[in-house]
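Novice: So you can see what is in the structure, the chains are spelled out below.
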Amino acid sequence: EDKVVQSPLSLVVHEGDTVTLNCSYEVTNFRSLLWYKQEKKAPTFLFMLTSSGIEKKSGRLSSILDKKELFSILNITATQTGDSAIYLCAVQVAGGGADGLTFGKGTHLIIQP
Amino acid sequence: ETGVTQSPTHLIKTRGQQVTLRCSSQSGHNTVSWYQQALGQGPQFIFQYYREEENGRGNFPPRFSGLQFPNYSSELNVNALELDDSALYLCASSPRLGADTQYFGPGTRLTVL
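So the protein sequences, as listed, match chains H and A.
Letter 23 of the first sequence, counting from 1, is numbered 504 in the numbering used here, and no numbers are missing.
Letter 30 of the second sequence, counting from 1, is numbered 756 in the numbering used here, and no numbers are missing.
Just to be clear, a hint being listed does not mean it is correct.
[As the list claims (entries may be wrong)] Straight-line distance between alpha carbons at most 27 Å, and here's what the computed DSSO-like set of lysine-lysine pairs gives:
id : chain 1 : residue 1 : chain 2 : residue 2
1  : H       : Lys549    : H       : Lys537
2  : H       : Lys549    : H       : Lys522
3  : H       : Lys548    : A       : Lys739
4  : H       : Lys549    : A       : Lys739
5  : H       : Lys521    : H       : Lys548
6  : H       : Lys521    : H       : Lys586
The set of hints was computed from the structure by calculation and includes no laboratory data.
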């Protein structure tokens, strides 16, 4: 059974701190790993990673994938209160059949002023 | 370009009842996936529809069923509701099967009493 594990499950930091969120996975036929941010309801897409060792960056957020060790990290630098959200990691598998994503439980990040 | 929309926003039902949730996919998207997100958990894949046919299913019983219409909008039907069906139900659309990512709607919060 495909599995995605995120850590920590919750994290409280102060504005300006840097945070690292972790995602490990065990899936058959890995195709891609995705990060989403969920503030109220709809998860919004952040990054998609398919190749090992190539960093994706968007402003203060960055992510990297290690396909040998089967994990990814999401870094947020100079955190702001608006970064408070649940960050979800999901894996998509290759091959025939549905494109359903397998999600981890998420990391609930709280940024205190 | 309109995003993914879902209706209703909230719904309260009692055990044993039936419910229908609706989703309009993003313009130009022909693939729709449904997810169930229980409190404190990541979304779990229910099933996917592509061009009006079910294209794969997660680990959910047959009382969870769906439809996709010619305009690619979709419905999720749940029969014989149980207390554990209380969750946020998310719909996600993508422009084609095997697309790189899925775009989520705001969800329907279902409470079963």
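Novice: Please go over all the hints and tell whether each is borne out by the structure.
Specialist: Here is what the structure says about each hint:
{"no.": "1", "hint": "H:Lys549 <-> H:Lys537", "verdict": "holds (18 Å)"}
{"no.": "2", "hint": "H:Lys549 <-> H:Lys522", "verdict": "violated (33 Å)"}
{"no.": "3", "hint": "H:Lys548 <-> A:Lys739", "verdict": "violated (44 Å)"}
{"no.": "4", "hint": "H:Lys549 <-> A:Lys739", "verdict": "violated (47 Å)"}
{"no.": "5", "hint": "H:Lys521 <-> H:Lys548", "verdict": "violated (31 Å)"}
{"no.": "6", "hint": "H:Lys521 <-> H:Lys586", "verdict": "holds (16 Å)"}
Hint violations for this structure: numbers 2, 3, 4 and 5, all remaining hints satisfied.
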